[in-house]
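Asker: In case you want the letters, here they are:
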Amino acid sequence: MSKRKILLLCVAGSITLSLFAQPVDSLWARANSAYMQADFQEACDVYTAIYNQGFGSAPLYYNLGNCAFKLAQYAKAVLWYERAKLLEPQNPDILYNLDLVNRFCLDKIENPPEFFLHTWIKEVRDSFSPNQWAWGSLLLLSGSALLLLLFFFGRSRGGRRLAFYLSLLAFLLCICAFSLGWSQKRVQNRHDYAVVMTSVAYIKSAPDQQGKDLFIIHEGAKMRILDQVGGWARIELADRRQGWMELQQAERI
Amino acid sequence: MRKIIVCAILLLGVSGTQAQTALTVDAPRVVQLGTPFRLVFSVNAAATNFTPPPLDAFSVLAGPTSSTSQGQSNVNGQRTSWFSTGYTYVVEAMQEGKITIGSGSVVVEGKTIQSDPVTIEVIKGEAAPQERDPGIPSGATGEISAQDLYLRLELNKIDVVKGEPITATLRLYARVPVEGFSDVRFPTFTGFWSQETETPSTVNFTEENIGGKIYRVALLRRYVLLPQQTGAIKIDPSELVCMVQVRRSNQNRSMFDMFFDDYQTVRKRVATPVQTVNVQPLPAGAPASFTGAVGSYSLSVSADKDTLNAHDAVSIAVRISGEGNVNLIEAPKVAFPVDFEVYDTRTTDNSKSRGNTISGTKQFEYPVIPRSAGTFILDPVEFSYWDVAKKSYVTLKSNPLTLRVGKGSGNSSIVGYDPGVGQVAVRTLGQDIRYIRTALPALVPLGRLFMGSPLFWALAAIVVAGFFAAYQWLLRQRARNRDLVSVKSRKANKQAKIRLKRGGELLKSGDHIRFYEEVHRALWGYVGDKLGLPPADHAKEPVCILLRERKASEESVSAFLDLIESCEYARYAPAPEAGAMDKIYDRALTLISNLEQTIK
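The listed protein sequences correspond, in order, to chains A and B.
Just so you know, we're using the numbering used here here: the first sequence kicks off at -18 and counts up by one.
Just so you know, we're using the numbering used here here: the second sequence kicks off at 41 and counts up by one.
There may be inaccurate statements among the hints.
As the list claims (entries may be wrong) - Some chain A residues flagged as far from chain B (calculated, every beta-carbon gap over 10 Å):
#, residue
1, Y16
2, S38
3, K51
4, D74
Stated by the list, open to error - Facing chain B, according to a computed beta carbon distance under 10 Å, are these residues of chain A, among others:
#, residue
5, L41
6, P70
7, Q71
8, L98
9, N112
10, N170
11, G212
Hint data in this document are derived by calculation from the structure and do not stem from the laboratory.
We put the CB at the ideal spot given by N, CA and C, even for glycine.
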């Protein structure tokens, strides 16, 4: 292969690469301005392009949800808001819009009351992202180590005692932070919730078209996927009702 | 026939008293050639000097015969008297066609009054014989055909759009003498909104030429109809029973009977045929403000005041005037600012049905009370209608109305109550999703998290490893620190020896004066260097204080003072005994070594 050919190939390759990977910030600005001019379809396309480049973040999902809502695609809006909520579970904007878009969905599914301790722990867990928990646990681990050194090599008796207890506390907190972060990470990566995308979905008693119809749910309903057999998924609604539905009718959060 | 004419003359006379003095001409509109008829000029006052119009086209058979009549009437205690003068001709038309009779005139109380010209149509007619000719039936026999007497409901149009006004006229056509009516059933216009526009209290016949025949036509009712449904709407027939005078058709009439008119009254039922109106729906594409108005309109919006105070009432009037289904117009929507309290709309309908259409004004009054101050611009009021003539929708738009609302006087009703009484919860006007987030977020590749990543574990491992390393290092450091005392004393001895090196040499040579001088200088030098004092400040008391501050032991301080004194004393003393210099030297050595260890 001659030198010129190699050069040509390199140039061609770099051009295609630059086209593929347009700078994300310019795409972001383009989508924002399209949204401001009420061109929601264009905004939706550009945000999706960012997503397709393999990037994710709560604001991106939130904006995609807004675009879908403005285009009256409520199931899609629910999907994107739920994805955003996974990353930022306590963001008031996401919760507000999700609540609003849920009112446009047909199904009203009652959430059974949760044990209060569980709610508290969840709230504490959700107040930081997994990465923040990770950094926090590292910080606590270092603090605990320093305090332990102080305990070993401290001069005054009282100070050494205090350092020992503080070190113990820091270590326990470190374990807590780590487990909360880890659990949140697992929740984010589990992808076991899904949103119905077709206008009506029949929930059957068996993973089979001949199965008896148990109930129907509509576009935008959220459910948990418990099991998967072929193209069928065993699902559970928030009110504990279970059944089988074809997976292609839903999209995982 | 004659009776009716007399009746009409009388009626004219009665009505004349209310009207101004006028000369009226009473003549049939249509006559047959060669048939005599009456031509009456009448005036509702005592008149003189009647000048008839030229009547060249007619042959005057009789007249003018003048007559006067007067009377009084007492209606509800109101006395009215009337007086009438009439001049009657009996004439016969000489030729066919339309003949106009010019103006005649009379003099009433010195004023000349002229009549309006009248046009009479003369037709050839059938082979109409003389009315008085015996043996030939006059007008009617026992049989009354459908052509002789019929009822018609005449519609001015049959194909309309929904809401377009139609005029319906109910007329009776007769060629036979009609004496009276009974069992009248007027049409019920189902599917229409209907209004009677003409309901004559008496039945007035007028002659009309229909197909070359003279009919006497009476207008019974006139309606304006507004279709409310679409499709083919049928109008039910209306019915009427007429009392008709007919000549008895008795075959065996006696000879005497032939000299008398032998009439009898026959009941004849007539009915209108069923008629169908095709109502088209209004075409699609109506503007948002269209509520069904059809016709042609104008719109005006006004407020009874444009400057007012908060909590004062103001009335916004929307006036729609024009022709069409005015009475069915609905109140147009007026977009008031949110802080305006709007009360029930008051509607005034001034529409009148006149002739063919309904026209007039419909006014909508919106009483409002602004609850906050400021300048408010009311959006233009929109009103749309279907223009029948243009066959399109027309949208009228008023000018925007500006209301200046002042703060309100200080003694408004709210003042005087507790503060907060007038507070109102913030009202929600609508709901929408919250706006997008515009700040560029930290975009991370999907599925990549620091939590649980190799970097995280590496950092954790570094922390743990760092802990153990620090622990080991500190352990070693502590072990070394344990030897530090001996090290220090070693260092101090070394220092003392350096300082007292010359003293040691002099000690060996036995030069006691220079020896003490040297030890004295070495001690001061050492302490001065340690405390950072220049030689000029070498005095015992401050040095002692400084030494104590630097945590020197009390023995060392007293030993230092003692040694300095000993040296100063021994310099001027005779040669000391043998071991004294050695003692001083050892004590100086010990002192410096001690100070070196204790002073910080």
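Asker: Against the structure, test the hints numbered earlier, and report the numbers of the ones violated in rising order.
Answerer: Structure breaks hints 1, 2, 3, 4, 6, 7, 8, 11.
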